[in-house]
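Go ahead and model the full structure; you've got the sequences and the hints to work with.
In order, the protein sequences belong to chains A and B. Residue numbers for the first sequence, in the working numbering: 376 to 781. Residue numbers for the second sequence, in the working numbering: 376 to 781.
Hints are computed from structural coordinates only; laboratory data are not their basis. Note that beta-carbon positions come from the ideal geometry of N, C-alpha and C, so glycine has one too. There could be a bad hint or two in this list.
[Unchecked claim] Here are the simulated DSS-like pairs of lysine-lysine, each with C-alpha atoms no more than 27 Å apart in a straight line:
1. A:K458 with B:K766
2. A:K452 with A:K483
3. A:K762 with A:K706
4. B:K744 with B:K706
5. B:K706 with B:K483
6. B:K452 with B:K377
7. A:K458 with B:K706
8. A:K706 with B:K458
9. A:K458 with A:K377
10. A:K452 with B:K483
11. A:K458 with B:K377
12. B:K452 with A:K762
13. A:K452 with B:K458
14. B:K766 with B:K706
15. B:K483 with A:K458
16. A:K458 with B:K452
17. A:K452 with B:K762
18. B:K458 with A:K766
19. A:K762 with A:K483
20. B:K483 with B:K744
21. B:K744 with B:K697
22. A:K483 with B:K458
23. B:K458 with B:K377
24. A:K762 with B:K762
25. B:K458 with A:K762
26. A:K766 with A:K483
27. A:K452 with B:K452
28. B:K452 with B:K483
29. A:K744 with A:K697
30. B:K483 with B:K766
31. B:K377 with A:K377
32. A:K706 with A:K766
33. A:K706 with A:K483
34. A:K377 with A:K452
35. A:K483 with B:K452
[What the hints assert, rightly or not] Some, not all, of what chain A presents toward chain B, calculated at C-beta under 7 Å:
36. V542
37. C569
38. T761
Number of protein chains: 2
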Amino acid sequence: MKIAVLGGDGFVGWPTALHLSARDHEIHIVDNLSRRWIDTELGVQSLTPMDSIQERTRIWHAETGRRIHFHLIDLAKDYDVLKNWLAEERPDAVVHFAEQRAAPYSMKTDRHKNYTVNNNVNATHNLLNAMVEIGLDAHLVHLGTMGVYGYSSVGAAIPEGYLPVGVETLSGETASQEILYPANPGSIYHMTKCLDQLVFQFYARNDGVRITDLHQGIVWGTHTDETRRHEQLVNRFDYDGDYGTVLNRFLIQAAIGHPLTVHGTGGQTRAFIHIQDSVRCVELALANPPEAGDRVKIFNQMTETHRVRDLAEMIAEMTGTKIAYLPNPRKEAAENDLVVRNEQFRALGLDPITLEQGLMSEVVDVARKYAYRIDRSRVPAVSAWTKEIAKTVERDPEGKRLKSVG
Amino acid sequence: MKIAVLGGDGFVGWPTALHLSARDHEIHIVDNLSRRWIDTELGVQSLTPMDSIQERTRIWHAETGRRIHFHLIDLAKDYDVLKNWLAEERPDAVVHFAEQRAAPYSMKTDRHKNYTVNNNVNATHNLLNAMVEIGLDAHLVHLGTMGVYGYSSVGAAIPEGYLPVGVETLSGETASQEILYPANPGSIYHMTKCLDQLVFQFYARNDGVRITDLHQGIVWGTHTDETRRHEQLVNRFDYDGDYGTVLNRFLIQAAIGHPLTVHGTGGQTRAFIHIQDSVRCVELALANPPEAGDRVKIFNQMTETHRVRDLAEMIAEMTGTKIAYLPNPRKEAAENDLVVRNEQFRALGLDPITLEQGLMSEVVDVARKYAYRIDRSRVPAVSAWTKEIAKTVERDPEGKRLKSVG
Ligand SMILES: NC(=O)c1ccc[n+]([C@@H]2O[C@H](COP(=O)([O-])OP(=O)(O)OC[C@H]3O[C@@H](n4cnc5c(N)ncnc54)[C@H](O)[C@@H]3O)[C@@H](O)[C@H]2O)c1
Ligand SMILES: NC(=O)c1ccc[n+]([C@@H]2O[C@H](COP(=O)([O-])OP(=O)(O)OC[C@H]3O[C@@H](n4cnc5c(N)ncnc54)[C@H](O)[C@@H]3O)[C@@H](O)[C@H]2O)c1
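Structure follows, in structure tokens:
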């Protein structure tokens, strides 16, 4: 297949591009390199030294003889360029990773809120609009998030996208139907993924676009079989307060002997998946497209759930680090349960890597190996979710840890 | 109260501004006048001669001694200007009409799809973002549409925004809860109103913004008590294929002796409200704001429902015009029932004007009076919903009527 990987310079996009290239697909990465600009804006960098996309694709070619093509296009701003490019290349499938994906970044300031809404809604809408305009019948696989469900459970297991409900009809009977799970986003970033869902629903119904939406958990781990093939094919590893997800941040804190910073009670339960499983899931989704006219096919792309404080304890035990409980900068429930259905990928053969198995190698192969590159000032979380929360949570002048004031 | 009327140069915004000004509120219209530009783009004009906003507010002042202030701001593009303006004026309430509101226009071309998504999502999001940023605790009243519900009913009455459903819990019991009614938009325009809903939900939950969303039916009628006060205060009246709603288009067809063009079987049932009731509803909504921390308050702003072919028959009978059944350019159910709850406005004292009572005066006072201004070539509908439909529905060279080809 000819596959366009939009956002293929990113953390999940890059190993996906390699994984699919290794399996004989013709890969075209489309990216505006905005994440590299955001690294510059924030003054942060990947823990792992990350080469330019041009250099990485050159090395992949030298190693494997396979070409990955790179195209610099901004999906959100360059509608006409995108449309013309799609019309020329006519890929069989499009994998869409190209969005601003950090919740804390999306909550930083009003400018970041606007940027996230603009970038993500326009990237997704431009893509669909262009596909319909040029009559491109490609399978669109989008990376969504478990966060669209929200985490304040109704005491029911989270289904794969669609919730069966009973509704009272005019005649007083109860009719059953399946509805898109009611959206409950916890940040502007998560909100944009909920907006995406409605855009997908519309284009699937009105124009018969074949769409798969992957509601992904938090991705952990660094290496896949392909990124391991050469030092310079290594994946990015974010640990800063904006882009570093909870597990990465614990790993780094452990590596430098900083206490593991748990927000609030650490009672938040989240869903996780290893990067190797994530790329495998995208491959499985590509191999199992919906039919034209079908509703959007939704998978929960996650393999296990954990409470944040249990994760902290797991890592504390492995590494002998302490845990520090700090005020929560986010507006969210202190404690939540999370039961998630993920039968579809299991049925397609996914055999997941567990945190239990894989975590120690992350500590040794990644966090300790690159510990010399860690910038300690980048470890604390810095975005408060509301003006009220901002007043009670504040960074100290050295930026080393959060503290509670007043 | 000091009230900002965003989109106050438009069809519903203008009489709302007058109605509220007449009731001693301090009114500030904010508008980018984009609708006047769209008139120019399409080469259409209001049936009623419409003066500039500056002239209209001057006449209002001459007639009543009251000032309506006008500010030229693009909500979608001028975030900083909007924010600074709000910070300076600090209105007590904001009524938000400022969106691209025609479904056919939103489906015209890929450019119009992008414009509608960009304009509407950014207008709404910029507004909320700015309010939170400057800590403005104003009541936001937004004009939404009945179209967010979709018209393929589940056999249940359409509630006011929130649907009670039963969900099976982990323990096998059924838990009841109220959810935002599952969105089912029928066009890009309607989709943007569904996106708006999620943005409102987020800002109400995260930041405690007080928001009322009015799910309005199709507005008919031209005059309110205030627009009648002077010839040059007259409201706009759209009858073209993009902005003219079904009833206006029938009135014009009747006035020029053109057959009433019904799409498909005319079995589509829609909700209606008179312009005088619409402005009254906005006043009632302003007087009954939600509390900070409340969920978004949703009213169904409509007073009666009719099948399109019944409307055509009603007008055909009044005026002796024929009816012509033409292929439907929209992708929608041929026939639908519609039962809508609207108890909230009735409980607040709304006593509606019915089509039965008011329609004849529209025929005489408006359609016939201004019939000399009608541009016959603007009467047919021109946007097809999909590429497939476009192939079977096509305008004839003179643009006089739709015909079926192939
Ligand atoms: N990393 C996770 O834990 C995780 C979890 C759930 C969902 N996801 C989703 O998976 C996708 C990829 O995540 P990631 O961690 O690889 O993010 P990332 O930031 O590393 O990669 C995103 C890539 O998209 C590009 N991009 C952004 N906007 C663009 C635009 N307008 N035009 C062109 N390119 C653009 C960026 O330059 C970047 O290379 C995202 O959509 C994200 O929401 C990620
Ligand atoms: N007319 C109806 O039958 C009807 C029915 C249901 C809902 N509504 C809703 O009511 C609202 C008003 O409808 P209307 O019929 O008065 O429409 P309209 O087009 O006559 O008025 C909209 C006004 O908003 C302005 N505007 C648009 N985008 C703007 C922006 N970015 N910045 C500043 N101003 C902007 C336009 O210039 C125009 O004056 C709309 O939101 C519409 O969706 C209308």
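Evaluated hints:
A distance of roughly 22 Å separates the Cα atoms of A:K458 and B:K766; the hinted pair therefore holds under the 27 Å criterion. Our distance criterion of 27 Å between C-alpha atoms is met by A:K452 and A:K483, whose separation comes to about 22 Å. This hinted pair checks out: A:K762 and A:K706 have alpha carbons roughly 11 Å apart, not beyond 27 Å. With a C-alpha separation of about 35 Å, the suggested pair B:K744 and B:K706 falls outside the 27 Å cut-off, and the hint is violated.
About 14 Å separates the Cα atoms of B:K706 and B:K483, which keeps this hinted pair within 27 Å; it holds. Note on B:K452 and B:K377: the hinted pairing holds, with a Cα-Cα distance of about 24 Å set against a maximum of 27 Å. A threshold of 27 Å between alpha carbons decides the hint, and for A:K458 with B:K706 the separation of about 24 Å falls inside it, so the pair holds. A threshold of 27 Å between alpha carbons decides the hint, and for A:K706 with B:K458 the separation of about 24 Å falls inside it, so the pair holds.
Of the supplied pair hints, the one linking A:K458 and A:K377 holds, its CA atoms being roughly 17 Å apart against a limit of 27 Å. A threshold of 27 Å between alpha carbons decides the hint, and for A:K452 with B:K483 the separation of about 21 Å falls inside it, so the pair holds. Pair hint A:K458 plus B:K377 does not hold up; C-alpha atoms about 46 Å apart against a cutoff of 27 Å. The suggested pairing of B:K452 with A:K762 holds, with an alpha-carbon distance near 25 Å, which does not exceed 27 Å.
Proposed proximity of A:K452 and B:K458 is supported: the alpha carbons are some 23 Å apart, at most 27 Å. For the hint pairing B:K766 with B:K706, the CA-to-CA distance comes to about 13 Å; that is within 27 Å, so the pair holds. Distance hint between B:K483 and A:K458 is fulfilled; the C-alpha atoms sit about 17 Å from each other, no more than 27 Å. For the hint pairing A:K458 with B:K452, the CA-to-CA distance comes to about 24 Å; that is within 27 Å, so the pair holds.
Straight-line distance between C-alpha atoms of A:K452 and B:K762 comes to about 25 Å, which keeps the hinted pair within the 27 Å bound. Using a Cα cut-off of 27 Å, the hinted pair B:K458 and A:K766 holds, with the two alpha carbons roughly 22 Å apart. About 11 Å separates the Cα atoms of A:K762 and A:K483, which keeps this hinted pair within 27 Å; it holds. Straight-line distance between C-alpha atoms of B:K483 and B:K744 comes to about 31 Å, which puts the hinted pair past the 27 Å bound.
With a C-alpha separation of about 21 Å, the suggested pair B:K744 and B:K697 falls inside the 27 Å cut-off, and the hint holds. For the given pair, A:K483 sits about 17 Å from B:K458 by alpha-carbon distance, which is consistent with the 27 Å threshold. With a CA separation close to 17 Å, the supplied pair B:K458 and B:K377 stays within the 27 Å bound. Annotation: proposed proximity of A:K762 to B:K762 is violated, straight-line Cα distance about 47 Å (limit 27 Å).
Of the pairs offered as hints, the one joining B:K458 and A:K762 holds, with about 16 Å between alpha carbons and a cut-off of 27 Å not exceeded. Distance check on the hinted pair: A:K766 and A:K483 sit about 14 Å apart at the alpha-carbon level, within 27 Å; holds. A threshold of 27 Å between alpha carbons decides the hint, and for A:K452 with B:K452 the separation of about 14 Å falls inside it, so the pair holds. This hinted pair checks out: B:K452 and B:K483 have alpha carbons roughly 22 Å apart, not beyond 27 Å.
Only pairs whose Cα atoms come within 27 Å are accepted, and A:K744 paired with A:K697 is accepted, the gap being roughly 21 Å. Restraint check for B:K483 and B:K766: satisfied, since their Cα atoms lie roughly 14 Å apart, inside the 27 Å limit. With a C-alpha separation of about 58 Å, the suggested pairing of B:K377 with A:K377 is violated against the 27 Å cut-off. Under the criterion of a C-alpha separation no larger than 27 Å, the hint pairing A:K706 with A:K766 is consistent with the structure, at around 13 Å.
Taken as a hint, the A:K706 and A:K483 pair is honoured in the structure, with Cα atoms around 14 Å apart against an allowance of 27 Å. For the given pair, A:K377 sits about 24 Å from A:K452 by alpha-carbon distance, which is consistent with the 27 Å threshold. Note on A:K483 and B:K452: the hinted pairing holds, with a Cα-Cα distance of about 21 Å set against a maximum of 27 Å. This hint holds: A:V542 has a C-beta 5 Å from the nearest C-beta of chain B, less than the 7 Å allowed.
For A:C569, the shortest C-beta to C-beta distance to chain B is roughly 5 Å, which falls under 7 Å, so the interface hint holds. Interface hint at A:T761: satisfied, since its Cβ lies 6 Å from the closest Cβ of chain B, which is below the 7 Å cut-off.
In summary, the structure is inconsistent with hints 4, 11, 20, 24, 31 from the numbered list given earlier, while agreeing with the others.
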